[in-house]
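Guided by the hints, dock chain B onto chain A, whose structure is given.
Number of protein chains: 2
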Amino acid sequence: MAGQATVTDVHPLDDDELHALDAYWRAANYLSVGQLYLLDNPLLREPLRVEHLKPRLLGHWGTTPGLNFVYAHLNRMIRRRDRNVMYVIGPGHGGPGLLANSWLEGTYSEAYPAVGQDEEGMRRLFREFSFPGGMPSHVAAETPGSIHEGGELGYSLAHAYGAVLDNPDLLVACVIGDGEAETGPLATSWHINKFLNPATDGAVLPILHLNGYKIDNPAVLARIPREELDALLRGCGYVPYYVDGDEPATMHREMAATIDRIMGEIDVIQHSAREGELTGRPQWPVLVLRTPKGWTGPIEVDGMPIEDTWRSHQIPLAEVRENAGHREQLESWLRSYRPAELFDERGAPRPELVAQVPAGGRRMGANPHANGGLLLKPLRLPDFREYASEVKKPGSTMSEPTRVLGRWLRDVMRANDDHRNFRLFGPDETASNRLDAVYDGTAKQWLGELRGTDENLARDGRVIEMLSEHVCQGLLEGYLLTGRHGLLSCYEAFIHIVDSMFNQHAKWLKTSKGLDWRRPVASLNYLLTSHVWRQDHNGFSHQDPGFIDHVMNKKAEIIRVYLPPDTNTLLSVADHCLRSRDYVNVVVAGKNRTPEWLDADEAVLHCARGAGIWEWASSDAGREPDVVMACAGDAPTLEVLAATSILRERLPELAVRVVNIVDLMRLQPASEHPHGMTDAEFDALFTTDRPVLLAYHGYPWLIHRLTYRRRNHRNIHVRGYKEEGTTTTPFDMVVRNDMDRFRLVIDVLDRVPQLGVPAAGLRQDMVDTRTRHDAWTRAHGDDLPEVRDWVWQS
Amino acid sequence: MAGQATVTDVHPLDDDELHALDAYWRAANYLSVGQLYLLDNPLLREPLRVEHLKPRLLGHWGTTPGLNFVYAHLNRMIRRRDRNVMYVIGPGHGGPGLLANSWLEGTYSEAYPAVGQDEEGMRRLFREFSFPGGMPSHVAAETPGSIHEGGELGYSLAHAYGAVLDNPDLLVACVIGDGEAETGPLATSWHINKFLNPATDGAVLPILHLNGYKIDNPAVLARIPREELDALLRGCGYVPYYVDGDEPATMHREMAATIDRIMGEIDVIQHSAREGELTGRPQWPVLVLRTPKGWTGPIEVDGMPIEDTWRSHQIPLAEVRENAGHREQLESWLRSYRPAELFDERGAPRPELVAQVPAGGRRMGANPHANGGLLLKPLRLPDFREYASEVKKPGSTMSEPTRVLGRWLRDVMRANDDHRNFRLFGPDETASNRLDAVYDGTAKQWLGELRGTDENLARDGRVIEMLSEHVCQGLLEGYLLTGRHGLLSCYEAFIHIVDSMFNQHAKWLKTSKGLDWRRPVASLNYLLTSHVWRQDHNGFSHQDPGFIDHVMNKKAEIIRVYLPPDTNTLLSVADHCLRSRDYVNVVVAGKNRTPEWLDADEAVLHCARGAGIWEWASSDAGREPDVVMACAGDAPTLEVLAATSILRERLPELAVRVVNIVDLMRLQPASEHPHGMTDAEFDALFTTDRPVLLAYHGYPWLIHRLTYRRRNHRNIHVRGYKEEGTTTTPFDMVVRNDMDRFRLVIDVLDRVPQLGVPAAGLRQDMVDTRTRHDAWTRAHGDDLPEVRDWVWQS
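Protein sequence lines, in the order shown, are assigned to chains A and B. One point on numbering: in the working numbering, the residue at position 359 of the first sequence is 359, and numbering is uninterrupted. One point on numbering: in the working numbering, the residue at position 340 of the second sequence is 340, and numbering is uninterrupted.
The set of hints was computed from the structure by calculation and includes no laboratory data. Keep in mind that the hints are not guaranteed to be accurate.
Identical copies look the same in the list; a pair holds intra-copy or inter-copy alike.
Unchecked claim - Listed below are the simulated DSSO-like cross-link pairs for lysine-lysine, each with C-alpha atoms no more than 27 Å apart in a straight line:
#, residue 1, residue 2
1, Lys513, Lys722
2, Lys722, Lys510
3, Lys555, Lys510
4, Lys377, Lys513
5, Lys377, Lys510
6, Lys555, Lys513
Model, not experiment: these values are computed from the prediction.
With the rest of the complex left out, here is chain A (with noise of 0.2 Å):
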């Protein structure tokens, strides 16, 4: 166990040893091969034949048997050393290898009854590979033992890292394709071991997997000089071990002897920093592996070069269905592993390839931190009402909502301390976002040198803020896929950095909620705000609220948008969210000072309800509204409402009604959404034949996506941001983008004919104050006064 070891812990293999380990080897590297190309006679039992061949040959040899060659040494260093060990697997395409090793260890059949240790077994488990129906070709949520989908490069290390955050225990071993190694996020991911504390958080063997080769190029760090490469992990702040070669044996022994070292390297960091002897970043090891793309398979066909060349990285003999000479060499490929001695008579894999597999819970594929919903501890979350401000008129008071919301964060933090299953994440913005308060119980974890004037940095912290939104991403994705909780704040207009990341999370937690094996996980939640509508200081470069548009193309039962106008509505959303599983919370909220709606009550139902008429700020008591003044997000409410006193006060006899939208998702047709109105209800809110005023926070479009079913879809007008903006006053943000007060009042004006008279005068005046503003402000450098200190009236 960690910390007993020591680095002259290593046991050279004996032949014995050797021999059955190979064995297993050469067990998932059948199995692999058998998945890419058999649909019956799985055992060769039989001359392979045609029919025997699956009609499409799709997935990929290439990456295959390295991963199966880790995985073997791995269950071995498992066995010997009785660790808690996870896989994380970054290169694609590792599809059949994890597959044939989940095969052999039973996981396969424990998460798939239909599929049993048995010819039959064998049989499905060729078959259904990359087979209509059946598995991803890539390492999926369908994996045992996976929380890392191969296809998109780039995010295994973070994985790796985010999962080891709190589990002191945990080991995760990392395999780095060397193709993945080129991405961006990869890059910047080593440098994460600077917030690794080997005190209280577990341990990540990255191995940087060499074949040499991606789909079509060299890789980039297979082709620079040793001393390069070597300088490159140490400056990164690693130790690097090199295992190198092609004959299996010589590889089996160094590979043994090399992972007994740096297990006993990690052994004793963990040790010295859990007695408190380490006080410094330690320099954790690093594996680099270099082996044949393809190794074990053809290394001719055709007369090309297939092993150890790019040629290797797909299905390295395409013609076998028409060609028998291709046929034939697939036979012997196949018949080189002599799977005679490693299944027996029934097909199951032999007592002595058994032997290779680590017992019960240890095998990685059934790693329970890999299916993080069994581990899911509920989080203690301390009553919001109790931080909520006293809203005794709407309007009245003005808060930060997200500083008061960074108070409660911070108390959820403390709630939840023993169990150290709640973080905080974000690129440099908690400050900036006004979640400060949640330094007064932590600090923000860094393993980096430490100065004098530093500040809330401590090498044990709930927060961790890198400059990577991809690396707090990719943490926060990690963590929560082992059963712990977790929120990413990001400025509004830079969470785009992740949009990729996204899709895929939410692609693995449809495929999650179809496997009945899978259990819940807490849900991703996204805190988006400095916002588009207040970048005074950063201009047009981070006005983006396109981020909404981007996951509402995911699947309805995963994504959820809320867009709390005030400070009470967001203590109400971030609790809902806090509580929800398996979804995508989004939740765009201000960090400005902002008027008080609403009273903590009257928050939550309003949050409940979604959706609601702010009769306090409407003047259509009794009777059908003239108008609909609807909203959605803080700057939009706070604007809807300002031309609402407006209209009150000039044109009192027109009637308003005031509707505020916090869950987005209400919009869509219930048919759409599990959150979607239904007609009635949104004709109930919206009217059937009444013009609607809609200012929406984000690109106005999107309104109309959700809305275009309704029966008054005609009628909606929505001002939202289009683009139009630079370095500004809050106020002239909003009039650039047509959604500013007296631009709204000219709409209403526009819509609702008839109004005679005082109407021509107040749209004179409303041309005429947006003039003055203009003025005003390039004169000033500041806001129209009477906009500036404007107070709602009710």
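Relative to the frame of chain A, chain B by itself:
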């Protein structure tokens, strides 16, 4: 000049030069602080009063003095060596510094004649910074000499490398902030040196600026030991040079000497490469500059340390209007630069400063590469009709669209070979995307180690492939903004990796178009292939057609989206895109064998119209159709045509109109997009009252977003990708998403009433065939033969 100097060409600063250099730096710092604070009294002719100060202090100080220091020393080097130097400033919020330098060298006044080099000009310079309608606080399109927006971090080095490709004479000095250095894209951009050809490309001088802090945190690379940083940079293939300190005179001497040494190294590399003496990959120099954040600013404010801490990031003295102490401190800070020594009576820079500035086009603010449209040469484009397939009858022949496009691209490269101004970028997929004909004419540029089995790799080539979409996009942006042409080909799903980079580029183009001094540049062309409908090998993780939705949020005048349904339309679209300027063109096209529908002339006409009726596929000749079947994208087109042929056979009386859409923007109202159809045009295609079934390549709701204002919108029913998929057959993919021919027929039957008994039988047949498909596919792993072998019969 390059190649003439040697490493010994170091000229120590003498005292006069030191004094002048320091004066220039003080002037730049003074002008930077002025921009942050001053509305008036720019030369401090009178004591500072409240009314001289901006009411809202927006902007940032921390990074600026270091940037000014770099600029001053680059100027010295440019003057001494007459070098062609462009800057790229990575750190955010460097705006005031670069604007100060631009004003000092006169390029600001050339771009913005209202801001002269005199007291009134200085007043305007100060006032307009971060002021409504003024200059942004980041280095931006508005900044003379910039090709790089300083807002979102991480892309500087890729932009710099992109700029020097094929510009052997150009040096790009690229300042990388230590915050930015934590991002993934930057972390992997270091490795672009494995692709840079020192003989035919220019040089990048990366200047890693360690000022130690981000917004609220220490920077990782500033808190690792020197030996780790050194190893990291050497491991990335560079030779680091260090300048480290805070005492100005010493720092000036060290910086000048170090830059001399570095330039000598660069000259030696370039000279030996160009003489053929250097055949390996050179180790390029990198400069590591360590200076205090907020250098020369307030050391302490209100008892808190400011200089050399994160507190100097933004506005060091925040209450200068309210707090007289702050105001006094500001005044003495400003006076510490001794403005009277720097500016003459008129407010112009004194001759001593002017002498520091390089001449004319050598001023970095005037470098024509940074306004690439000035240098842009139109591509010579071979007539794409000569590459077109002969299509005698629609659907009678098949081809792989991207494979044919590859042949044309090969000849585009050849035709422009002497200009060296066209490049293809891709993560590792040029061959996978079947564009590999380009390798008949060129190679992948690669400076890494070469092996005997390698193919299509060479030191000089028009294709660059690195497995980082960020790097590919960054290189292309840098290449385009310096006046060249290019194309990025990428798997459709993974282009989301660069969503945020696209955002910034689109914002850059929008801003540039509003600046009369910026000339149009070539469009950024995406070829998205290996698309959602044909991920046979890859499955769910590779299925995401949402990039189209993402780009649609940007300004209509920038965005173009094309969905060519076959080979000849792809050729026509590609030709159009390579001729266009200042757009982002998104082309989604298949690589798989697809029927050819249009011959070259028809394709040209169809693409010019953007959308049109395919009469040869329609059965509504001379009458109003009973149903419009529309399609956008290759897979939808195939399914719609297959559905219409079922309908023609089984319900010959039904009048079906087939509409194909190539240019997606045509669907929008003319008021929303320059390509948008008028309502009359739209109604002529889609009718005002008939059911429209539209099969679309991507997420269906985008079509509703584009068409919700159309008269017939309520009758438009869209089929598209609804996030259902796995590793499966092509036809199973359309079935899973309800876009298959049989489902489309059922959709027609659902929408056209009174078709009677034959319709009932047809419906049942369609339902049965779908069931049969499912059973067949699961049994055989292949598509139903009647689907797989289906051929259009007109």
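Going down the list of hints, with the structure as the test:
no.: 1; hint: Lys513 to Lys722; in the structure: between (37 Å within a copy, 17 Å between copies)
no.: 2; hint: Lys722 to Lys510; in the structure: between (32 Å within a copy, 12 Å between copies)
no.: 3; hint: Lys555 to Lys510; in the structure: within (7 Å within a copy, 33 Å between copies)
no.: 4; hint: Lys377 to Lys513; in the structure: within (19 Å within a copy, 54 Å between copies)
no.: 5; hint: Lys377 to Lys510; in the structure: within (22 Å within a copy, 49 Å between copies)
no.: 6; hint: Lys555 to Lys513; in the structure: within (12 Å within a copy, 38 Å between copies)
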